[in-house]
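Residue numbers (my numbering), protein chains in the order written: chain A, 1 to 221; chain L, 1001 to 1221; chain G, 2001 to 2221; chain F, 3001 to 3221.
What the hints contain is simulated information worked out from the structure, not anything from laboratory work.
Nothing false has been slipped in among the hints.
Only some residues are given here: those of chain G computed to face chain F with a beta carbon under 8 angstroms: (1) 2042; (2) 2062; (3) 2120; (4) 2121; (5) 2189; (6) 2191.
Residues of chain G placed beyond 10 angstroms of chain F at every Cβ, according to the derived structure: (7) 2017; (8) 2132; (9) 2181; (10) 2197.
Taking beta-carbon pairs under 8 angstroms as the criterion, some of the chain G residues facing chain L (in silico): (11) 2014; (12) 2015; (13) 2139; (14) 2140; (15) 2143; (16) 2147; (17) 2148; (18) 2149; (19) 2204; (20) 2205; (21) 2207; (22) 2211; (23) 2214; (24) 2215; (25) 2218; (26) 2219.
Computed from a prediction, not measured in an experiment: that's the story for all the values here.
Ideal Cβ placement from N, Cα and C applies to all residues, glycine included.
4 protein chains.
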Amino acid sequence: MPVDEVLNSRNMSQNLNDLPPRAALVEIARDFHARGWMAGTAGNLSAREDQEHFWITASGQPKGRLDELDFLLIRIKDGEVVERVRPENKPSAETAIHRAVYGLFPEARACLHGHSVDACIASERAKKNAKSLRLAPIEMIKGFDIWQQNPKVDLPLFENLLDIARLAEEIRKRFRRQAPAITALMVRAHGPTVWGASLQDAYNRFEILQFILSYQARLRR
Amino acid sequence: MPVDEVLNSRNMSQNLNDLPPRAALVEIARDFHARGWMAGTAGNLSAREDQEHFWITASGQPKGRLDELDFLLIRIKDGEVVERVRPENKPSAETAIHRAVYGLFPEARACLHGHSVDACIASERAKKNAKSLRLAPIEMIKGFDIWQQNPKVDLPLFENLLDIARLAEEIRKRFRRQAPAITALMVRAHGPTVWGASLQDAYNRFEILQFILSYQARLRR
Amino acid sequence: MPVDEVLNSRNMSQNLNDLPPRAALVEIARDFHARGWMAGTAGNLSAREDQEHFWITASGQPKGRLDELDFLLIRIKDGEVVERVRPENKPSAETAIHRAVYGLFPEARACLHGHSVDACIASERAKKNAKSLRLAPIEMIKGFDIWQQNPKVDLPLFENLLDIARLAEEIRKRFRRQAPAITALMVRAHGPTVWGASLQDAYNRFEILQFILSYQARLRR
Amino acid sequence: MPVDEVLNSRNMSQNLNDLPPRAALVEIARDFHARGWMAGTAGNLSAREDQEHFWITASGQPKGRLDELDFLLIRIKDGEVVERVRPENKPSAETAIHRAVYGLFPEARACLHGHSVDACIASERAKKNAKSLRLAPIEMIKGFDIWQQNPKVDLPLFENLLDIARLAEEIRKRFRRQAPAITALMVRAHGPTVWGASLQDAYNRFEILQFILSYQARLRR
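Isolated chain A, as found in the complex (with noise of 0.2 angstroms):
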């Protein structure tokens, strides 16, 4: 087939950032959903729109399930939602743990976070107060532009406070202290939430995370 054909024949939404973030998010989370990632209506997903705003999903809605219309726009300052579609719909409980990611990162531009058993094992393995979770030097590691070799990288670890507001606030004023070695962070007995880029960045790194704990949860014993 000649180059023309494949070039004009091809679906121009392969690449997640080729979609509109909405699109690109319910895909994500079908995706997720479908990998045990968002079990029941666990997990949520975001998009910035704007400097000041991004997109978030509802809460409570099974995750494999959602269309491009189960989303709020927030205002990043102060956590106001600026629009909603379906009238009913709430914004995630977690909200603020994506109001403190991209306020403390200009650079993110989606953020994502899920439920998974890997990532659950791994970190209950760490110590108890442990603040961070030593990643395996595994190769993958390069997936967050880590290029040495045998890294010495720490993932963030929060305990899981029914509080999120207060959750929000320790991850605020602990990455205003020091910046984390890699665009991610988990909470202890909950799940990871990765940032990116982009779309497709975000959702990059979220697998390689994933592919990480996954050892790390298989390989201790």
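Assemble the complex: chain A is given as a structure, and chains L, G and F must be docked to it using the hints.
Just chains L, G and F now, with coordinates in the frame of chain A:
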């Protein structure tokens, strides 16, 4: 794409509650089979039709290959088959457990029973004759509407009896004395039964319990 | 939707027994490949044509990519190839095992052999030279028509021999002395062979055995 | 259905060798991504174009979302990029390893490199500085054309180096002294590279090695 177009083009059956109940059960059965929770002809799914009746899957059918006619309408009170489309179909052998659930919990609209390797492993590790399995206090437990820090939640555990009528009677007896903390029970070496206020709710909760039991099966060794 | 419409619109091939036998085997092969039970070109599937013949998959083909012409008709008595559509196709190297099964069990209509990591692990834990593997008495065992409380069921176990004719002869010899408790056997470090009274029945039983061996592989450590 | 109709209706691209090489690689990449062997942008796939050149995946692309234009034509001798459709595409960072394989083995027509948790775990358990990993003598090893009872087969093992040129040179040096027993090598804490006499053959062998390493990762604890 303008909001109107999205709203018009929306597949209204995305949420399981937007489907006719038996169509939703067919979809759940295919999904559970694909995930290994309904191997062979194992498992049975039901949805309440009204206060006195529910539809349940036919016995002995491979659950990934049902259609909407493979259900029987059962009277809760006495287990009578009130309607069957295919004359050769028989109600699930475990219909008595569904009758117990619908009889005990008027708010239950759907009841899902599958088998899973993880659930069998987690329950096998419970002490002999234990009446319950303590669930790990991970975030996912909030999917059962438990909003506490480090909650102590017990999954009711029953021994696997060949005599289903007796098993159903034990469930009824124990739950009349004390309602379970969550809308689920586990039969040891067999599998979980989960109910919910709607089809989507029961499906979500089944996934959530499966996540927690998978965590427990893999963590404790 | 009225019952008539559903009945008319029904995809009659939902049950594997409603498909032409070779079409059903093609579907099973794709399914088993996708689940990791037919990696590379491993495994072989057959269906009885009449009392004296069966169709078996061609040797050396990737099993996720078969079509209905990739089968050969084999005479049970002597292994003669009675029909082949593609002249280059050769019968599976393990045809002799299928011949043994169809010769021993006139009621067997289909015979499925795959490889699985779980089955290899479970069988590796059996004692050296053990002639059988005791199956865990979990509920799923009822799928083999064993209706007892805590049944003691043994899966016949054979050592993996390079010489398939000799292996087939051992199977024949042992099963003539004593029929197996279930319609299955396991070759150590290799994989299960499961047969059934129909294509759907053999498929169901393969899934069931896989569930039980997966449970055993993961429970005993 | 008469044989003629089946032959006419057959999807001729079922076997990977019936597809144009880059289309086959796109299909393999989607398949490997879905199985978790190409998380993030990890992994790289190539197919020989002629004795002096091969096509390889572009660097930094998510491998589940490639199209046929995301490949570069590489000269084996010196690594020169002879053709690229999208000017912004760069060849995979690990192109040097593919060059080593095609240079060493004229019969290699395709070369597949992925990452897998199982392979990382199995290789992590090898002794420090071990030059090879003994493969378990399970039946599946016949997929590498090893037809012996209880064969002793070693998978060549290399340490993971940041300097890919040096790693490629080590592969070349070691394999010139002694050809590997199977068409595969493993880089520790990284992943397997598998080649074959055709695209389908390389794909089959990648699956087979993955099966064996998964067995080893889960058996030895």
